[in-house]
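Peer 1: The lines below spell out each chain.
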Amino acid sequence: MTANGETAEYSGGELQTIVAARTLIGKRSCFIGVGRPSTAALLARMVHNPKLVLVYESGTIGAKPYRVPLSIGDGELAETADLVVSVPEMFNYWIGPGQVQVAFLGAAQVDPQANLNSTVIGDYRHPKTRLPGAGGAPEIATGCEEVVVIAPHSTRTFVPRLDFKTTRGERTTTVITDLGVLTPIEGELTLTAIHPGVTVEQAREHTGWDLRVADNVQVSAAPTAEELTALRELVSR
Amino acid sequence: MTANGETAEYSGGELQTIVAARTLIGKRSCFIGVGRPSTAALLARMVHNPKLVLVYESGTIGAKPYRVPLSIGDGELAETADLVVSVPEMFNYWIGPGQVQVAFLGAAQVDPQANLNSTVIGDYRHPKTRLPGAGGAPEIATGCEEVVVIAPHSTRTFVPRLDFKTTRGERTTTVITDLGVLTPIEGELTLTAIHPGVTVEQAREHTGWDLRVADNVQVSAAPTAEELTALRELVSR
Amino acid sequence: MAELVTLREAIAQTVHDGDSVALEGFTHLIPFAAGHELLRQGRRELELIRMTPDLLYDQMIGVGSARRLVFSYGGNPGVGSLHRFRDAVENGWPRAIEVEEHSHAGMANRYVAGASKLPFMVMRGYTGTDLAAHTNVRPIACPFTGEELTAVPALRPDVSIVHAQEADHEGNVQLWGIPGVQKEAVLAASRSVVTVERIVERIVPRAGGVVIPGWVIDFVAEAPGGSQPSYALGITQRDNDFYREWDAISRDRDRFRAWMEERGLWSGAGLTEVAS
Amino acid sequence: MAELVTLREAIAQTVHDGDSVALEGFTHLIPFAAGHELLRQGRRELELIRMTPDLLYDQMIGVGSARRLVFSYGGNPGVGSLHRFRDAVENGWPRAIEVEEHSHAGMANRYVAGASKLPFMVMRGYTGTDLAAHTNVRPIACPFTGEELTAVPALRPDVSIVHAQEADHEGNVQLWGIPGVQKEAVLAASRSVVTVERIVERIVPRAGGVVIPGWVIDFVAEAPGGSQPSYALGITQRDNDFYREWDAISRDRDRFRAWMEERGLWSGAGLTEVAS
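Chains U, P, C and S supply the protein sequences, listed in that same order.
Going left to right, the first sequence walks through residues 1 to 237 as the working numbering numbers them.
Going left to right, the second sequence walks through residues 1001 to 1237 as the working numbering numbers them.
Going left to right, the third sequence walks through residues 2001 to 2276 as the working numbering numbers them.
Going left to right, the fourth sequence walks through residues 3001 to 3276 as the working numbering numbers them.
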């Protein structure tokens, strides 16, 4: 694949992270958990938006980690933060009132309205799989102005009906998968972009409902050399 | 007057302060405002109870001022405190839940049930005298285990009916005046002690209602030389 | 993101006639310079909000800039009365003002509700006192235990103004010492101004430091000594003598007026005719 | 006033079978040593309370010491599942446990209510999710605006146990770094234990330091490294490798049991027969 005139191989996961990072261009602050969201937000600070304020629910506001943290409570987050607050203050003064602009969330299940399940697969009382539970997601998803969901594109994840509705989807503006980008149109997640080399049909096949497709589906810009280099440097730290 | 074999002259105000300080013997913590309560609590730390924790509503917990502070926000309070908290935390985590054992309060009017007025003299809408208002008193008086009221003994202060009920009196255990000590007995403030040289009749004359008198009225112990010396040294700092 | 501007510009951009304005500071860090600038710019018909009105609000009320006062303790701490506040309430001079009063706990929780963007907070208090009937609180029952508690409504000032020790060039602020309700006041307001003793290259967090990030503040203005005769711990001293002197200055309407006129703080209030 | 005792004595004096116990710590300062001591002493039928159960509660649940879990996020942060917790919920191994789950915001506010000795706190949340129907919250209307909000009931653990960096000889405690809900947990509890990395002559307040005075704590016990594999900022490092290793150890019942037995953490739970 070509990017900035160069040929570069990259994985779907890498592109997913890079596309997520781009959603933070021009944003003031972003709430992130661990894993890919954290990587994407750190990448955004490296490449697009050095002033982006990173907020972790552990209470670290304005953290500037050099490495992608394993947990939201890694020491480096507290040491580099502009301020560190208690968990009650985090939710009552910062998340709830909407002081943090964008939130990155993940989930085990996503429904067509972008509602999320991170509680159980199967029946609540006798679950097939007990998931970690709500954590901060429900209030983050209703407190922040915009929610970006990052999830693997599969029929296990994108389901017509959640086994448990943990988190409301009405503030979700973007769902970024390893195949493309879904955006709510008239209240229903709709395929608006596919990643280079992915077909609309592939995205539909990997969605557990009859996925709506936008009239003119975009193709995500391939990673630039700068993005890819920065991402790889970041994860190798 | 004799104290510890010595003759020492002292004022009614000095004795009032000294008697108030004695109520803090064996106590863990005391909430204080400025003026005589502050002097009494500092005296208690000097003479009776060096471990007494002083709490000011400005947020300073465990303050150890060398001089009697003019305001509850003097710099020395913050600089010597064990911890300094915000005003919301002070009331929500420390005062309201009863973490502070004793409170010293003053008031412009005290009624027979030890309810206090610090809001207005006269009608609320057209007051004769507009007083400062509630401040922390209402919640301090219902949060702390015991309330000690310190007030000048006069018919202007000890009134049968308050012009405005700012603060509830049910946790008041002791009212210390410049003439003696009142204690609630069967819910009504009763003269239980008079200061040396004061008569029961004087106390009754200076009370705005028909003051009950305990069967065996005590006489407050005169200041000891240690108490008086410490007090004078303290106020001269 | 906070803009670093002059105090004059900060006040001009944020405070309008008729606004509800909280100049907070609990005995410490009282934003006198900002309050005086507001008077110089002639703002009037203000709803002044503050737990402890103190000398600054005595001055603002005394020149007639306030139509309403929301507060919990209107005294000169350790000294006695606020005579201009009393004169306004008792005699309507230089104009009558409406008062809404609360306890400290009530006001503090009202700011907490404002900072949390909740319509109210729940507390124990007010019940069994005359305050409940004379102010804006409501009973509320605990849905678990049935206990009756008190709801206090959120404070959401149009403008909050606080003073702090330092800010960096991006408007991140640090204050230390008695923190009062300043953080809550800033977070609760629609617009906010922080005056600071000094601008520093970098905020170094310190013991007892409260950091307010620049992105929740509208304007930061340098105002060295801006909380005098109150103080900024570690930088200025509380001028206790002036707090005592104020008692005599403020007792007398003419002496008060002369004092304010000398400092250019009288004419701005626009009440020259009314008051003279 | 806090008594300085051994960890063994602190646990023996405070935790009884059947108690509700909160061993708090939000990713940082997790009181592993205290939790392990509790297992060594064979405490059982516990109601375990914690926002983020983490590996410690996975161990405690895995040996069968808990009858009930109150929590908001039961995962191995950054790694995946808590397999012992899952095995208990999904398969009832080594015993079934009751769960009551909340969001982080809900749990945090439940601790705030507990620390404030209020029966509940008000927040926005739960509405429109399936959580509301499966947990203990109630709707509550704002008496000023009519808005419907959510009331969460106070948490009042029988015992709260937290870890901190240091204490002085009077049991005054200071912790710094991510403060979590530790202060609230201590203030909300009937009895409290704080384990510390070190005893110091004098607490020197530091940036980001949270001081808990000794007179609201029952017992303080020295336990150097007592939060490992979690960490105490500035003193120990988070053992991220162990968090990853735990995934494999805990996936397998026998391997888990062997790991616990090796460290004297199995027999205490009193479930040897049930589980084997």
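Be a bit skeptical, because a hint or two may be false.
[As the list claims (entries may be wrong)] Distance condition first, Cα-Cα at most 30 Å in a straight line; then the derived DSBU-like pairs of lysine-lysine:
#, chain 1, residue 1, chain 2, residue 2
1, U, K64, U, K51
2, U, K64, U, K27
3, U, K64, C, K2117
4, C, K2117, U, K128
[Said to hold, decoys possible] Taking CB as the label site, the calculated pair distances span:
#, chain 1, residue 1, chain 2, residue 2, range
5, U, G26, C, A2012, 41 to 49 Å
6, P, E1079, C, H2016, 53 to 61 Å
7, S, E3045, U, D210, 35 to 43 Å
8, S, A3207, C, E2261, 54 to 62 Å
9, S, E3261, U, G122, 43 to 51 Å
10, S, G3080, U, E170, 23 to 31 Å
11, S, E3009, P, E1226, 25 to 33 Å
12, C, E2147, P, T1183, 42 to 50 Å
13, C, F2242, P, V1235, 37 to 45 Å
14, C, P2224, S, G3080, 51 to 59 Å
Since the hints were made in silico from the structure, they are not lab data.
Cβ coordinates follow ideal geometry from the N, Cα and C atoms, glycine included.
Peer 1: State for each hint whether it applies.
Peer 2: A quick look at each hint next to the structure:
Proposed proximity of U/K64 and U/K51 is supported: the alpha carbons are some 10 Å apart, at most 30 Å. Between U/K64 and U/K27, the direct Cα distance comes to roughly 16 Å. Compliance with the 30 Å bound is thereby established for this hinted pair. Between U/K64 and C/K2117 the alpha-carbon distance is near 28 Å, which keeps this suggested pair within the 30 Å criterion. For the given pair, C/K2117 sits about 39 Å from U/K128 by alpha-carbon distance, which is inconsistent with the 30 Å threshold.
A hinted range of 41 to 49 Å is violated for the C-beta pair U/G26 and C/A2012, which are about 29 Å apart. For the pair P/E1079 and C/H2016, the supplied restraint of 53 to 61 Å is violated, since their beta-carbon distance comes to about 39 Å. The given range of 35 to 43 Å is broken by S/E3045 and U/D210, whose C-beta atoms sit roughly 50 Å from each other. A hinted range of 54 to 62 Å is violated for the C-beta pair S/A3207 and C/E2261, which are about 45 Å apart.
Separation of S/E3261 from U/G122 is about 32 Å and departs from the stated range, judged on CB atoms against 43 to 51 Å. Under the hint 23 to 31 Å, the C-beta atoms of S/G3080 and U/E170, about 29 Å apart, fit the expected range. For S/E3009 paired with P/E1226, a C-beta distance near 39 Å fails the hint of 25 to 33 Å. Our hint of 42 to 50 Å for C/E2147 and P/T1183 is violated, since their Cβ atoms are close to 30 Å apart.
The hinted range of 37 to 45 Å is not satisfied by C/F2242 and P/V1235, whose Cβ atoms lie roughly 21 Å apart. At about 54 Å, the CB distance of C/P2224 to S/G3080 agrees with the hint of 51 to 59 Å.
Hints 4, 5, 6, 7, 8, 9, 11, 12 and 13, counting from the list given before, are not met by this structure.
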